[in-house]
Structures are given as structure tokens and as C-alpha cells.
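Peer 1: Position chain F relative to chain B; hints supplied.
Residue numbers (the working numbering), protein chains in the order written: chain B, 1 to 315; chain F, 1001 to 1647.
Treat the hints with caution; some may be incorrect.
Unchecked claim - Only pairs whose alpha carbons sit at most 20 Å apart, straight line, appear in this in silico EDC-like list of lysine to aspartate or glutamate:
1. Lys1631(F) x Glu76(B)
2. Lys1537(F) x Asp1425(F)
3. Lys77(B) x Glu1509(F)
Since the hints were derived computationally from the structure, they do not count as laboratory data.
Predicted model only: the values in this text are computed from it and were never measured.
Residues per chain, in single letters:
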Amino acid sequence: MNLFQTVFTGSNQALQAAQGVVKQIIEEKGRDHKVAFPDTAYFLPVIYAATGIKIKTVGDLEGALDIVKSLIVEEEKLENVLNSGLSTAVSAEIIEAVKYASQENPYENEPGIGFVSDPIIRSLGVPLVTGDIPGVAVLLGEAVDSESAGKVIKDYQSKGLLTFLTGKIIDQAVEAGVKMGLELRVIPLGYDVTSVIHVVSVAIRAALIFGNVEPGKLNDFLTYTKNRVPAFVNAFGPLSELVVSCGAGAIALGFPVICDTEVPEVPTCLLTQKDYDKTVKTSLEARNIKIKVTEIPIPVAFAAAFEGERIRKDD
Amino acid sequence: MDDKILTADKATAELISKAKNDGVETVWDRQQIMKAPCGFGEKGLCCRLCAMGPCRISPTPGKGAQKGLCGATADVIVSRNLARMVAAGTSAHSDHGRSIAHVLHMASKDGNYTVKDERKLLEVAKRLGIETENKDMFDLAHEVAEYALNEYGKPFGKLTIPPSVPEQRRKLWEKLDIVPRAIDREVVAIMHSTHMGCMADAESLITMSLRTALADGYGGSYMGTEISDILFGTPVARSTEANLGVLEHNAVNIILHGHEPALSEMIVLAADDAELLKLVKEVGAEGINVTGMCCTGNEVMMRHGVKIAGNFLQQELAVITGAVEAVVVDVQCIFPALPELAEAYHTKFITTSPKARITGATHIEFDEATAYESAKNIVREAILNYKNRNKEKVFIPGSKNHATVGFSNRTIINHLDKVVNSHIDPTGTFKPLADCLTSGVLRGAVGVVGCNNPKKVHDQSMIEIIKTMIANDIIVVATGCAAQAAAKAGLLSKDARRLAGKGLATVCELVDIPPVLHMGSCVDISRIMELVGEVAKLLGVDNCDLPVVGIAPEWMSEKAVAIGHYVVASGIDTWLGITPPIMGSEEVVDILTNRIEEMVGAKFFIEEDPMKASRQMIERIELKRRRLDKKMELKDLSMEEAAAAKE
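Next up, chain F with everything else stripped away, as it sits in the complex:
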């Protein structure tokens, strides 16, 4: 591999060079072997949705093939491909949410899964219109679970939209007919409409994509988060550490990688099992060190302070340290390259979900009905593997950083309560945040989310963008691998307020928070949607009126595409730091980056340069501020007029 800079993270760089020395391949090697990507696929101009094809459209208008065999134009092909990405992303999140709902359905007083947050259960039940009076907690839990599960396939009616969505937004969705019906149905509808000879109109297809994505953001993901909180507790602020330096020399290192907390929660529990701890002593280790990666890492870190080993592009590097006894995975964003890589070390690569079998892996199926026993079996495998560790091959990088995490909305409100004057306002609201935004102390808020992508220098864009935002008094909320990049860079530490502008630094000091709030995993972006909606409601405006934007600087997955769609549909401008495969259709680009604003009050921005994207975001935030000032003034005026008329 050449000397091109691949990462902004020191630990990552050190392990990439160890990989070279060890003669094992990583994602960056495979990227190099791939050479230049196919121009047709890159622009979204390749269609293989039927056996007449594959067809490909010339990227130059008027030159070469302009239509597929069926007559589908570039616009049709590009929008169909994109819609299928949305459908895939939505199904991934939503199936995750479904699993969690099933787990809630089996929750019982003495079972493996119980109800940790009764208050949240009552809140959710209430918002779903379920009677809570005089009900056994578990009966109620099962009813909520059943309600959630029905959201996936109810034959009539629409998805229950959470009350955090402002009234204006809800009406807009109704007008545009993008209120989702059942979650699964929307995914199926896209698969149907993108079939050969069906939908052949880019705008209509994009509208469908928005509806499907909303089924994710306000259905699958939203439920996934809420029910995870019910089952495992709503996160509260806590301290942890991040980066591969959290691996330990004399402990059994277990990496939890994947997404669903049903597994990772049990592993964390099992790692404290007396019987297993005895076994640890027998193999000569000092303890069990459970660390997390990607979103399942975020879940256990938010709720238990489990340390973060790394983000998406570091999953191979964790194995390459030679210090990991087991990588335990469930679903989503798991490199199939891992089993082969693990073989080069002593690491056991353990798959657990029937939804994600990987050839070459040790499969220990995780059974929710016997969750604790399953988890114990998995941890036992890891412990027994400790003796196989080759100490000469071990290299644990020194890099790690402190982070304060656990910022669920309830935690944020608890922190905001510190600055409420008890003689003026009630506690328990986002009003202090809304006040800081309207007065201008905070210029705006940005959600930094998304994956890693080897097309970009690992973590670099995210860190640059976050630093620029906080220096400009824009508070950052982060989830997923972006939040982990921030954690590794020390940006989730309360000390990081020294990098913030005066306004944000003052807020951080008063409220006792870091300038970047870790709000959880990718399904937890629903928390961000809830936060934005509640602030909009407090001010009596729509989401799109707020100085709030989102960015996925290094996005990669189809889930990120679905997220981007539901965020835009929610009225929040969204920047993409990686160009999506749409550039083959001027029409699709025009709709997504321009015309969609007329529909939903927000649009996509495609900008790969993080500094340029940052500037655009700040400009847009300031523009929204000016519009909001006017809107608030008009509102004041009309209130005055109304008062005058009364008199």
C-alpha cells in the first residue's frame, strides 16, 4: 500500500502498519485491489432489476445508450436504485426494532429480560393510547410490544406518529401523502414499485422513498430506541473511554460488534457471572474486559459505560491487535472478511444471529428465550480462548480518550433543569435549550451521524466538521460511528469546551455538558428527531424553521440513506460527505438538492470537502436564524394585534 494518509486516528494508523507486517489484508487493501470504481454504478446508471439487462445508461446526455431495454431512462434507473437503498436501510433498522419488540413481548418478572424503566413504559403506553390504570407492569409491556409489532403489518390505517412531531409537520406529511402506513408495507411497496415495468417517475419514487424512510425514523428506529430504553434503562450521563487503547493486556478481551442490545446487554451481564469469573482465574487472566464497536457498542456504552474499542473501519484492526479473544457479532455492518482475518490470530469470531450467518465463523445462536445461558456460553468460549493468545503478536495502541456519554433526551432535560429559575419556569422541558437558540447564544445545532467510508480519510471529516461547528457556537449531537470518532478525538470530554466558542462554552459550563452530546446508536437518531420536534413545538414553529442541520460526513450504508431521507422529510437540511450514486440523473439531483425543499422545507447538500460543507452549514444556519427572527417577530405582532382587537 502506498503512503497515502488513510486515517486521522493514531491507533488506526499504527494497526494498519501492523497489518502490513503481519501480512493480513484490511479494507484499505481491498479498496486498492478494487481499483477505480465502475463509473456506471458510481453514478447509479446501472440497472439489473430484470433479466433483459444488465443495462447501463451513458453518463453523457445525448451520447450512447440513453434508455434501458424497457425504455427506463437515467432518471428512472437512478431513482429506482436509490429507492431500493432506502428500502434496505429502512428494513435493517426496522427489523432491529422488531427484534427488540419481540424481546419486550417475552419480558417477565423473573425472566432474562425485564422492565428496567417503568416510567418510560408508562410514557410510551400513554402515547400509544394504551390504558395503563391498574395494570400489571408486564401485561402492559406485552401490550406495548404487541402494539409495536402490529405497526409493522397492520392492514389499515397509518403509523402512529409520535407526539414529538410538530402539528405543522404532521399536516404537511398528510398533504404530501407521505405518512407511512405499516412499516413492512412501505418497504414492500418500494420493492414492488421498483420492479421492472412499474414506477417510472423519479419524483413519485422519491416521494415513496420519503414515506418509507419515515416508517424507519418514526416507526422502526423510534420504537427500537423506546423499547430498548424500557428493557434496559434510559441512558444517563456517565464516563467512559474510547479507542483501541481500551483493550487490556492481562484480561480476556471481548469485542461486542453489531447492533441489537438484546445480545450485548446479556453479554455484559454474563461477564459478571461468578462461575465465569472463576474460570477467568483458572486460565490465568485478571478479568473480563468487554468493549464495544459500532452501534451495539454505543448501546452498552450509553447504558453501562462499556468502553468503546472503535468504530466501523476499526473492526479488523481490533483483531489485528492480537489481544482479542472473541469478536461477538449479531447483525449489520459486520465485515464478512472477519472470519478469515480472525484465523490469522487466535481470535474467535462468533456469529449469533440467524439473520447474519457468515461463512467461516463460529456460530453460537443466541436464543432470547435462554438469553443468559446463551450469553454465558459465548463468554465461556472467549475465556477458554485466552490461553491461545500469542503474547508476542500482541500490540495494543496507547491511544484512548475520556468521554462523557449517555445523553438521552431525559438526561439532557435533567441537565437543562440546572439552569431553570424555579420561580419562572417549570423544570422538565427543553425550554432553556430553545432560549439559548432563539437568543443567539447558541447559533444552532447540528447532528453529526453516519458511518466510516474508506473513500475518505478515516474519521477526519467528522472531526474537522465537529471542531468547526463547536468553535462557531453550534452545539453538536452525535450518534453512531460519528459519535465514536468524536469520542476517540476527545470531543465528548467536558474539557472539550475549551475548543468551543464563547456561547457554547458558557452553555456547557452552566449545564455541565460536553460540547458534543453522544445520543446513542443509529436507531437513536430517533432521539434527535424527538429533541428537534420538541424544541420546535416549544417555539410554535416547524422543524424546518429551526437553525438545525444534519450531516453524514463519511456515510456508507443503506441505513444512512434511509436516515438521510427521513431527516430531510422531517424538515432538516442534510449534508452528505460522500456523493451518493445519483449523479447520473440531473433530474434526481435537482429534486433532492433543490425541488424537495418546496415539498418538505429541507434538502440534501452534497459536499465532500468537510471545510466547504462546514461553511455551507453555518451559512444555512444563519439564514434559518434570520428567517426565524422574522417569523417570531410576525408572531409577536399578530399576538399584539389579537390583544389589541380584544381590547
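Bound conformation, chain B alone:
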């Protein structure tokens, strides 16, 4: 299957999954059941930003499914592929929203934090603007081994990047002894691939909060994220159609995707880097993130990311 068809396939899979969960929750809870993410003023942020539509109930989600459908046009053209990627993002947001609609705290029993609240985003705003956080790394999937995963994450951490983890790489990070937490700038999102939407939602809300972009002006959002949010994706392990279509969504937002497997490469957008020692350098160059490093020869890692670290008694 060619790259574009893979994206369309993944988007259709995401749509089907979204349709399934929406149907189920309507049956279980009824159309008027409330849908909302915790601690946000922006409803379902991705949908709100893209369309200006404020989704409040489970019944509203049916309308959101139409947005997804309208974004999937299976003619092999770049704009269709990017839109298809965005459709997957919307599907993911729907699926995640249903999680929050059906349970009080769906991420209770997971290391992932799920939805990122508005206050957290506001707290990240200043260091992002000042360049104190030089970039946002979104790590997805499962690296070849925990050691390699840990090396990559710690490298980002030492460079002050904000790193989000989705999938099995969370467990690998734990195994490799990576310390996580907002103040340490390593944030596990969740095991499901759809939880990656919570970082997309961060970028989108950055445009709403700091960029003052008007809801409904999708192109303005895409321009903002491309120019102002220095994010990129590292996709590890074999890629399903769904993940590839998520990647297309990232590319639509202006975020390059760097994989550790063979993919049909698109210069500056979709790249293969099998050598884990080069993952970080490759990613930073792809997103044009330049870090001035003054290396201090000390036996422990040194970076702003460790500022909030607490030394516990046991340590």
C-alpha cells in the first residue's frame, strides 16, 4: 500500500473506532449525557479550534463524526492526506472524550496523565516563549529496547525539551530509570495511541491562549503550530495504518515525524532514522531546533528540566 493510501486507511479505522464508541455511549448514557475534559475552557479543544463548535454532550459528538468524514477525501493529493491526518486527530479526540464521559477518571490506573489541563499549559507558556523549553518531543510506540528509549528521553531532558510519551515507551522509560513529571519535563500521556491527542490539544490550546487565534480558523491554527510550537514526533516500532495517519496529522500541524523503521520518506516531514544515537540530532535538525549547549563537566545531568526535582529521603 502506498503512503497516502495507508493514511486514508488509518483515518477510516480511526473513524470507525470513534463511531463505535460514540454509538455505545449514546446507548449507555443517552444523548444528553455531558462530555467534557477536566479543567479546560476550550471544550474539545481540537474540534473547537478547527470548527468553532462547542461540544458539550454525547449527542454533539455525532456532529463531530461528520467533521471527521468530511475531512477524509481519498484522492491522492497532499492536502487530502493532511486533512485525513487531521481527521484522525479529531477521531482520537472523540474517542478520548468518550473515555472521560464514561468514567470519572479514565487514567486513574495508568502511569499516563491523559488530558493536560489549561493551568498546566499556561504554566508552560512562558518557558516556551522564552525558549527555555526549546522544543516539544512527542515519543510514540515502543523503542527497540528500554535502554535506547531511556537514552533518547534523557538526552531530550538534558537539553531542556518537553517530552511526551505515548504507548509502551512509558514502561520502557520507567525501566530505564527516567524520572517523570511535569517539572521534570517528561510527561507520560497514556498507553493508547489515541492519548497522543492530548499533546496535540496542548499545541492547539497554545494557539488559542497565547496566539489569540480565533476558533474556527483552522488554517491560522496550522500556521501558528507550524511557526510557533517547536514540536516533533518520534515514532518507534512497527507502524500501524492508524499511527501513520496520526503522523499525517502531526505533519499537517507542521511537526516532522521521525521513525525508527523504513517508511516512504518525505523530505523534512517524514524521515527514517534507525540509529538511536542519532535520533535526537536528527529530530532537532528536522524541526530546526538549535540548542546552545554549554557543557559543564559534572557527573550528573544538568538542565532546567531538573529544577523541580525533589530529593526524597530514600534517594
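Peer 2: Same frame as chain B, now just chain F:
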């Protein structure tokens, strides 16, 4: 003349009406006087290859004469006529290449001609298997020149095929026995075989034509381009302007028209000569404005940014502006109507080549041995003619457009390097382009080439086709008069990316290029062949597997016929926007537009309607994409299997 629309170009239309007012004739007037073309000639059914004839075959099968006096059928006559067109086109390009090789042979450190691109010289020497170690640059240049010259008439062996040809393609040519021997020999072979009583089999003759055309594309033209780069520098991206609006009111306007850069390069140099600039002041002009037309215009524009006055059908109109002091020509595509036309104005029409004397012209023979002095003499003539300009008769149209030009393959690679991630790939390859093609961001690539032809509305087809292609994310490379049509229409400007589809526009933005790349003159189509071959090699496939097509929307010359043949033989589908004189033979039409695909993996398409041709090209590109997807998948599978077997 009636009010029929003759051109898509405003400047051209304005000057056609000035011609009417001035009472001078143009190609369009002569076309009208010609009335309907002869149906036999138009279908290729007229033979005058011996004195038993002329013979003509009835275009209706089974009715009227079905054979010539010798018994030659429509198939034989049509294919012979076509083969001779190929031979003529090949000889034109190849003789051009030969001249350039001779110039390289006389290059010297302090001479008129020197080596501007040593790196290219080393590259070419290497590919020809010439030892380069510890050699004086000029000794090496002379060796390369000698090698090139020998390619024209070596008695044994085959033409040295450049390494840009994929292995599969080379083997296919060998299997079909269409690897050219010596360049001149192939032309002679066609002249022999088309003689009365010789070859009388359409398919065999077409096969010969392919071999002859390959001698052009990978011999004469290829060498012409490479050696021109060695002598005058490999083009780099630069800005220029195009259309008759580039002529200036207060400058001595010189138009360079023709093909060989040996002349035009020297004129450009001479136009900066201090002595001549003094003379310019004396005659009261503000400067010398050298502009180009047709392929010699393309050559100096690619290398020096010299402005383009216009393309083939505008050559008379340049004179009709009344603002041109001299039209300086060498060879090929020069209207013999020009001397008479020039007489109606103050313009000096100057021929320079012993290969193309034109009655009524001022002939100042250009001698390569004293090139600079020759060029100075020519420029001096132009300057002295400035005082004869009748300002009342001057009309310079306002139309001109900005263009970014100079896209040699090296320049393209330099631009592609901008998007290479230094931690993944080495720079200096076409890989980013190959990636954009395989991923589908670019749907394909099309070469738009060829001439103008008054059978069509001037420039219209080319512009329509180019616009349709770029809107559909198909990148366009252009050469010759087609590239100039694009330049005049503003399509070579980086701004033109707004007319491109999202995929192409994104690529243009990232790589910093216009959506249409000007790759040079007609011999520079060899650059396109090199580009396609290198991309195919990167992907491990043959040219014919790529989503790449070519089109000559308004072709006219026999050179275009030769080009079409070598492009098809290279595995690239080729559209002809003007019906060639073959329709009298169903057999020949069937071979060229159908059966030839079984031989070389590509065929001709004849479609005069530019919109229909565009649709067909897009369909074909998408078909090739689907086939390529499958091919790449199979390759991946077999690689996986091989890996599994190893384990």
C-alpha cells in the same frame, strides 16, 4: 488577416498588428497565403526520393494508388519520411555538439575559450574513462574533446552511453540492438536505408530511427551540453526577465538568435568591451542591451541571466519593434524571411556561420580562432547602426515577466540539499526528489519541450498544459521555446507556486524553486534524460517505471522529431501536440502509439487539444504510480524474503 486569435501572448498580438500597419509580412501571413496544406504531404504519403516519382499514395485504403512506382506502400513511404526527419534532427543537434567539441579542442589558458568548470571537466573525463591524474587541465580538455569528436565517426564499437542510463535500460537497448554506433554513422545509415530500393519495412525503419535518435540524445546533445558547461560554466540559479518588453528605448539592442553558445558567449563578453562602450557613448546610446531568442538565448540566459526577448514565432516581431540594431544569428530555426524584413527597418541581420548562409544577410563570419575579435566586429556593426534607428517607428511592448532560471542538474541538487537531514542522508543526490515522487507529495514530473507552430495559437497550449500540470502537483521541467513561453507567462517565477497544488507548492517553498524549472536549450534535454535516469537508479527501477512523461505541445522542427524518438526510446511516454506526418499509415501509427510500448516501455500519444492531452498525461502518470507502488512492494517483499532466507 482575419481576426482569428493567433497568440496567447499580449506583446506578440500587439506586434502582429504593428506588422499589419507597417505593411510587412509575418509567418502568419505566409501561412494564410499557403492555404490548406497538401493532404498527401500532411499524411506523409508523398515520396520524392527518386526520379521515377514524385509518387503519392491515396489516403483511402483500397482506393486509388496504393503503391509508389517501385512498389513502396504507404507504410514504407511514411516511415521513410519520418526516419529522414529523425536523421535531420539528429544531425542538427549533433553538428552543434561537434562544433562545441571543436571549440573545447582549441581551448587554452589565455585563449578566447578557456575551461570555466574544471569540476565538470573532471567528471566528464572520468565517465569517458580518461586518466585525469597529474594532467594539465587543458591537455585533459583536449583529450575529452578528441574523445567526443571520435564519437561521431569511430569505425568500431558503440557510443559511450552515460552512466545516468539505468542498467535495465542499457540492457534493453542492447537486446533491441538500438545502442548507437558512431553518431554520424547512424545518420548516414538512415539516409542509406531510406534510399530507393533499400529498407521497406516500417518496423525495422522505426527501430533504426530510435537508434539514430539515441545517438542524438546520449551522443550529440549530451556532449553538446556537457562540453558547453565545461567551456562556459555549469548554470546556477539566477534571475532574469522575459518577453519583448526587455528591449530598451535608449540602448543598442542586439538580439542573439540561433543555437551555438560559442558565438553568443563571445558577444556577451564583447558587449562589455571598454572600447565598444566608448563607441556606444559616441553614438548617443546609454548602453548595449544584449537579449536572446530561442536556444542560444536560453544558453546565455542560463549562464549569464541575459534577458529573453522571445521564442521562435517572435523572431520577426523583434525586428518589427523597430528597436533592434542587430539580429545576430548562427544556425537552426532562423527564418530566411528575416533579411527582407530587416530591410523594412534599420535592423542589421547578421549571419555568422558558414553552415547557415542566408541570401540578403550581412555575413560576418564568426571565426572561433579569433572569436573575441569576430564578436567585437559584430557588436560594432550593431552600435554603429544605432543612429539609423527611426524613433517614430519604434514600439516596444510593455509586457515582460520575471523568471528564475539556471536549473542545471547540479543546481537542482544544490537546492535539494536544503531539505536533506544531515544525520540521515548524504547531500549531493536526487534522493529528496525521488522521495517526494514515491511518497506521492509530487504526483509526477513532466518535461515540456519543443517549438512554436503557427498551426496552434502561439504559446497557448504550452501555458495551459503547464498550468494544469502544476495545479495537479506535477512538477514541470522545461527547455527550449516551451521554457521561454513559460518565462513570458510568469511561470518561471517563484511566485508561480501559488498556481501549484499543495504538494508541489510545499516542495517549491521548502526547496526554494519555482514550480517550473528551466533546464536550458534543446540540446539540454539531455539534462532531463540524466535527471530521470538518476532518479530511476536511486529507486532501482527503469525510466519507464517512473511517473514521468514528456510533451512537445507546439513542436515544429525535425529536431523535435529526433528528441521525441530518443525520449520514447528512453522509456518516457511522449505527447505530440501537433500531428506528425504519419497518419497515412495505420501501421506506422500503430507502431508509434501502441506496439512500441512492448519494445521500450513507452509510446507516443498524439493529441492536439491541450486539455485532453493534460488529462491523458495525468491518467498515465497515475497509472505509472500504481504500477510503481506494486513494483516497490514486490521489491520490499523479495528483500524481506531474502533476509528471512539468510536467517
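Peer 1: Each hint: holds or not?
Peer 2: Going through the hints against the structure:
1. Lys1631(F) x Glu76(B): 18 Å, holds
2. Lys1537(F) x Asp1425(F): At roughly 16 Å apart (the allowed maximum being 20 Å), aspartate 1425(F) and lysine 1537(F) satisfy the hint.
3. Lys77(B) x Glu1509(F): Holds, because 17 Å separates the two Cα atoms, which is no more than 20 Å.
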